[in-house]
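As given, the protein sequences belong to chains A and B, one line each in that order. Per the working numbering, the first sequence starts with residue 3, numbered consecutively. Per the working numbering, the second sequence starts with residue 12, numbered consecutively.
No lab work stands behind these hints: they were computed from the structure. Treat the hints with caution; some may be incorrect.
Straight-line distance between alpha carbons at most 20 angstroms, and here's what the computed SDA-like set of lysine to any residue pairs gives [said to hold, decoys possible]:
1) A:Lys196 with A:Gly186
2) B:Lys45 with B:Asp132
3) A:Lys196 with A:Leu521
4) B:Lys45 with B:Leu121
5) B:Lys45 with B:Asn125
6) A:Lys196 with A:Leu522
7) A:Lys196 with B:Ser86
8) A:Lys196 with B:Ser64
9) B:Lys45 with B:Ser102
10) A:Lys196 with B:Leu88
11) A:Lys196 with A:Leu206
12) A:Lys196 with B:Ala65
Below are the chains, spelled out letter by letter.
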Amino acid sequence: MSDLLALLVAVPILGALLTLVAGYTFERLGWGVALVTSLVHTAMAGTVAAQVYAGGEPLAYAVGGFRPPFGIELVVDGLNAAVVVLVAAVALGVLAYARRAGPHSPAFYTGYLLLVAGLSGMSVTGDMFNLYVFLEITGLAAYALVATGDDGRSAVGALKYLLVGTVGASLFLVGIGYAFVATGTLNMADLAEKLAGVGYGSTLVRASFAFVVTGLAVKTALYPLHTWQPEAYASAPDSVSALISALVSTVSAYALARVVYSVYTVDFLASVAYAREFVLVLAGVSIVAGSVLAVMQSELKRMLAYSSVSQFGLVVAAFAVANEAAVTGGLVHLVGHAVMKGGLFLAVGAVAARTGVRYVEQFDGLADRVPLLSAALATLSLSMVGVPPAVGFVGKWYIALGAIQAGSWPIAVVILLSTLLTLAYFLRLVERMYFRSAATTEPSADSPTGTGAAAVADGGNSGDVTDDERPVLGRGDDADFGRPSVGMVAVVVVAAVLAVGLGPLVSTFEPLLEPTLDLLLQP
Amino acid sequence: MIAEILLTRYNYVVVALLLPIGAYMMIENRNLVKKVIGMNIFQTGIFLFFITSAYREGADPPIVGSGGEAATYVSPLPHVLILTAIVVGVSLTAVALALIVRIYTEYGTLDERNLREVRADE
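Generate coordinates for the entire structure from the input sequences, incorporating the hints supplied.
Printed below as a string of structure tokens:
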């Protein structure tokens, strides 16, 4: 059954090839092939996770039959089983949404499946260099996907993302190089032992930790290293921003946790105090700065992007605190954030497809125009803020609890502060939607309102819809930009329901995670 | 001390020079193509670091039956790894250049500052 681990990576890659070939011969087949691949992938991910959680034992697979310390190993334990399922499920949801909304070229579906393959690979691999390779596959697919937008803006965003992302991955590679020079191995489990043998006081080991963490921090978009993210998210097509925001940074943050716990181990964090401080300060600054920057944004997708900077600071802080409650919280928030942020991007996309609004100022009275989408948007926003019983609350609660248990009071204070700031930027949205009436004036050309409407009118979101489905474009208040498909709305609603419903489920999930955490966090 | 490092570890010194040169080009150069070249230099520095880490004075190539009798062999693993990393680097360069072509057709400039002005006018 452990063959499934290899298939988790292989199936999306095969699917990507098939989509490319089938898509160019039969124009409309791309989506179908991608859907079948994604369904198979989800089923496999579910099976793997069920096995891991039922057995309480990690699954391992030696690629090509080479034994682990020499060959590449794929490992799934309680920590990454959740991530594997998350990748598959979010990819499936976004695919359902992309049928109407997304770019429709075969190239898009190919890039999309390659992204899924890269993310699955990052989640299951047990080898440092292999992790780097999948990091780059994920990166390449993500750059290409961001560039699938219609205008030059998305190409500029993608290039910026590529340059910064490459530096991040390269720093990670330098870190691997240092660890390799120190130990002569690349397998994570083997590295953990040999690094301990070299000694955590070694400059080489400490430098490799610094490089690896910095590299992954770029990919996760922590504060001073986040600059690629708002541009990339804001300029990508809606389906792509949802997929990337939900998964790419998430899996990078997971990789950070995996490297810290499985390679450097908690002993390293304990014996090199400033390594932990370094990560905690990075995360803490990220939490506050991301929230403050989000409050300042007027374009909704940009605001959501900066909000991600803050939320990932929270997750990384949890992983640096490194006790059971905090790591549980970190994992829950990782999954919860993916559902909520992905859902928010999809909701914003669906609202834009219906009404053409993309700026916070334009959300006045939106609840009257699109009640269902507004309700979903508000639910997701409040969940993001951390209103119980939503999953956003549960994650933050566990992280704060862990921080207090570990005596990291500054982190607990920062979490509270950032929650207030999160409230500030989401509440103004909810307030505008529900408690203000729609403006009756024609949007003027020089205001952001005008550019927003124009950006959509010239095909921001709906440009790829085939001619017979092209929505009627109109001007002014009653402009009907067309109706988002049932699938699009359904996916948004499902995300909102999940955001609320996953919260109470965490208490049943927690015991399943415990054996893994005991193993990872033992001193 | 410094002279000794320069004489005996010159390969690492070259790596340590290439990385900041590449990074500086990516930050400072206004031309997008030159930024990508900077990225390549940055990556090449890392490739050299891996390759140089495998080198041992007087060691034989790790080929069975090559007649080498030395007790030490050059580690083949970093070379293989770097082959993969080079492939990744080439793909990245290709994607970057494809994006630059699109930016040029869209905005008619490759200069970062001009690009910012053009986009501000939009």
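Tested hints:
| no. | hint | verdict |
| --- | --- | --- |
| 1 | A:Lys196 with A:Gly186 | holds (9 angstroms) |
| 2 | B:Lys45 with B:Asp132 | violated (25 angstroms) |
| 3 | A:Lys196 with A:Leu521 | holds (18 angstroms) |
| 4 | B:Lys45 with B:Leu121 | holds (10 angstroms) |
| 5 | B:Lys45 with B:Asn125 | holds (15 angstroms) |
| 6 | A:Lys196 with A:Leu522 | holds (17 angstroms) |
| 7 | A:Lys196 with B:Ser86 | holds (18 angstroms) |
| 8 | A:Lys196 with B:Ser64 | holds (18 angstroms) |
| 9 | B:Lys45 with B:Ser102 | holds (17 angstroms) |
| 10 | A:Lys196 with B:Leu88 | holds (17 angstroms) |
| 11 | A:Lys196 with A:Leu206 | holds (13 angstroms) |
| 12 | A:Lys196 with B:Ala65 | holds (18 angstroms) |
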